[in-house]
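Number of protein chains: 2
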Amino acid sequence: MKNDLGELKAICFDTFGTLVDWRTSIIGQLEAFGREQGIEADWTGLTDAWRGAYKPNMRKVRTGELPWTKLDDLHAMELDNLLVRFGVEGLSPEQKKHLNRVWHRLDPWPDSVGALASLKSRFILSPLSNGNVALLTNLARHAGLPFDLILCAETCRHYKPDPETYRMPGELLDLEPHQVMLVAAHNDDLIAAAGQGLRTGFFPRPTEYGPLQNKDFKAEGEFDVIGENIRDLAAQVLARAG
Amino acid sequence: MKNDLGELKAICFDTFGTLVDWRTSIIGQLEAFGREQGIEADWTGLTDAWRGAYKPNMRKVRTGELPWTKLDDLHAMELDNLLVRFGVEGLSPEQKKHLNRVWHRLDPWPDSVGALASLKSRFILSPLSNGNVALLTNLARHAGLPFDLILCAETCRHYKPDPETYRMPGELLDLEPHQVMLVAAHNDDLIAAAGQGLRTGFFPRPTEYGPLQNKDFKAEGEFDVIGENIRDLAAQVLARAG
Chain A
1085 MKNDLGELKA
1095 ICFDTFGTLV
1105 DWRTSIIGQL
1115 EAFGREQGIE
1125 ADWTGLTDAW
1135 RGAYKPNMRK
1145 VRTGELPWTK
1155 LDDLHAMELD
1165 NLLVRFGVEG
1175 LSPEQKKHLN
1185 RVWHRLDPWP
1195 DSVGALASLK
1205 SRFILSPLSN
1215 GNVALLTNLA
1225 RHAGLPFDLI
1235 LCAETCRHYK
1245 PDPETYRMPG
1255 ELLDLEPHQV
1265 MLVAAHNDDL
1275 IAAAGQGLRT
1285 GFFPRPTEYG
1295 PLQNKDFKAE
1305 GEFDVIGENI
1315 RDLAAQVLAR
1325 AG
Chain B
1085 MKNDLGELKA
1095 ICFDTFGTLV
1105 DWRTSIIGQL
1115 EAFGREQGIE
1125 ADWTGLTDAW
1135 RGAYKPNMRK
1145 VRTGELPWTK
1155 LDDLHAMELD
1165 NLLVRFGVEG
1175 LSPEQKKHLN
1185 RVWHRLDPWP
1195 DSVGALASLK
1205 SRFILSPLSN
1215 GNVALLTNLA
1225 RHAGLPFDLI
1235 LCAETCRHYK
1245 PDPETYRMPG
1255 ELLDLEPHQV
1265 MLVAAHNDDL
1275 IAAAGQGLRT
1285 GFFPRPTEYG
1295 PLQNKDFKAE
1305 GEFDVIGENI
1315 RDLAAQVLAR
1325 AG
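Chains as they are written, first to last, in the working numbering: chain A, 1085 to 1326; chain B, 1085 to 1326.
Hints may be right or wrong, so weigh each one.
No distinction is drawn between identical chains; accordingly, a pair holds when it is met within one copy or between any pair of copies.
Below 30 angstroms or equal to it, Euclidean Cα-Cα: the simulated BS3-like pairs (lysine-lysine) are [said to hold, decoys possible]:
no.	residue 1	residue 2
1	K1180	K1204
2	K1093	K1204
3	K1204	K1181
4	K1204	K1302
No lab work stands behind these hints: they were computed from the structure.
Using the sequences and the hints given, assemble the complete structure.
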C-alpha cells in the first residue's frame, strides 16, 4: 500500500463529533450559564434535543422547504423552540445569541490538534462541515485546529450529503476528486463522499453522543483508511502518502 | 486613540504586492526555467507585461465582457499571448501550467510573516485578494502566511474594487463593516474599502513594481492606520485595539 496515497493533496475533516466534542462542550457551557443566571433546567436534555433537530432542519433546506439558511440561523430557530420546551424563560436577545454561539466555542477532542498538526506540512487541511464560515472560523481559532482554509456548507450553499458539498474542495482547490480525502467519524458522510470519488478515512468517536450513541462504533464501508483513532489514521495516511 | 480599534475583529490583507513580492519571485522563477530549458527571452519584460494585463483582464469580467473567470484562467489566457509576443515557443501544456502556477509560488516580503504572526492571536486573518482559492491556499502555504481562512474574488465571484468584495468578509464572518480592516499597500484598494465602511490600514511597498513604480509611495487617503512598514502598522493596530 506504500505510496497508494501519493497523489493525495488535501484532507477535509468533518468537524462536529469528528474533531470537536460538541456534546460535552455544550452541556458544560449551558450548565455554567444556568449556575451564573440562577436558572435550573435539564441542560443535557436540551443539548441532545438541539443536536437531534440538526438533520431534520437541514433536510428542510436540502428539500427546498426552507430557502438557504446557514447553520447559525437554524440553530437559533431551534434554540427558541427548545428554551420554551425546557422552561427557560426571560432571556435577553444578547443572552440567546451568546447561547447560540456555544457552537463557535466547542472544545476539541484531546487528540485532534496533534493529529492535524502532523498532517499540516504535507497536506492542505480544511473542514468540510455543515457549519457556516463564521462558526467554523471562530471554532478553529478556539479549538486550535490548524486549517489552511474554511470550506463548508455555506461556501456552496448546500448541506451534506448533497453531492455539491463533496465536489466543492476539488473544484475550488483545482484538484481531482481522488486527490481529496474526507476524514469523518460517521459512516454515512464517508459513503456519500466516496460516491463523489473522494478518498475516505474513518475512525470512531464512540462517546460522541454519550449514552445515546447507537451507531458509528466501527467502519461500515470500504473506506481507504480506517484508523483506531485519529492519530492512528494520520500516521497511516502519512505512511501511505510516501 | 487608545482602544479606538477595540471592536476590530478581522484583518484582511491585499496579497499581491502587499504581502508577497510577485515581481522578484516571477522574474526569478522564469529566468531559472529559461536556463533549465535553454530558452532565452526577456523574462523581466514578460513579467511586467503579465502584471500589466491584470487589471484590464479583470475589468472584462467586472463589466460583463467575459463571464466569471477565475484569476488562474485569466493568467493562463494572457500567458498564451505573451509567450507568442516574447518569442517563447514549443512549450508543452504541462510546462505552460507550471509557468502559470508561478503565481502560487510567490515569496513573501521579508517582514510579512512576522507581522501577521503578531496579529494572529488577537484577530481573524484572511487575504482579500483577486486571486482564486487554489492560488491563495497554495501561496499561503508556500509563503508561510498564517491565515485563518481564504476570502477572495472567487468566494463572491466579483473582483475588487466591486463593492461585493469588501462587503463579503463581514457577511461571512458575521461582523459589522467597522469590525473588519483591509490592509493594503495600494491607495485605490483602501479608498474603495473605506467606501463600504471597512477600517483601512496603509503602508508602502515602494519597490513592488521595481523601476516601473509610479504610485503608492505614500498614503493618499484618510486611512485609519498608516504605517511606515507592515511591522509598524501591526504594532499600531495592536496598541489601538487595546
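Quiz item: Which hints from the list above does the structure break, by number from lowest to highest?
Solution: none
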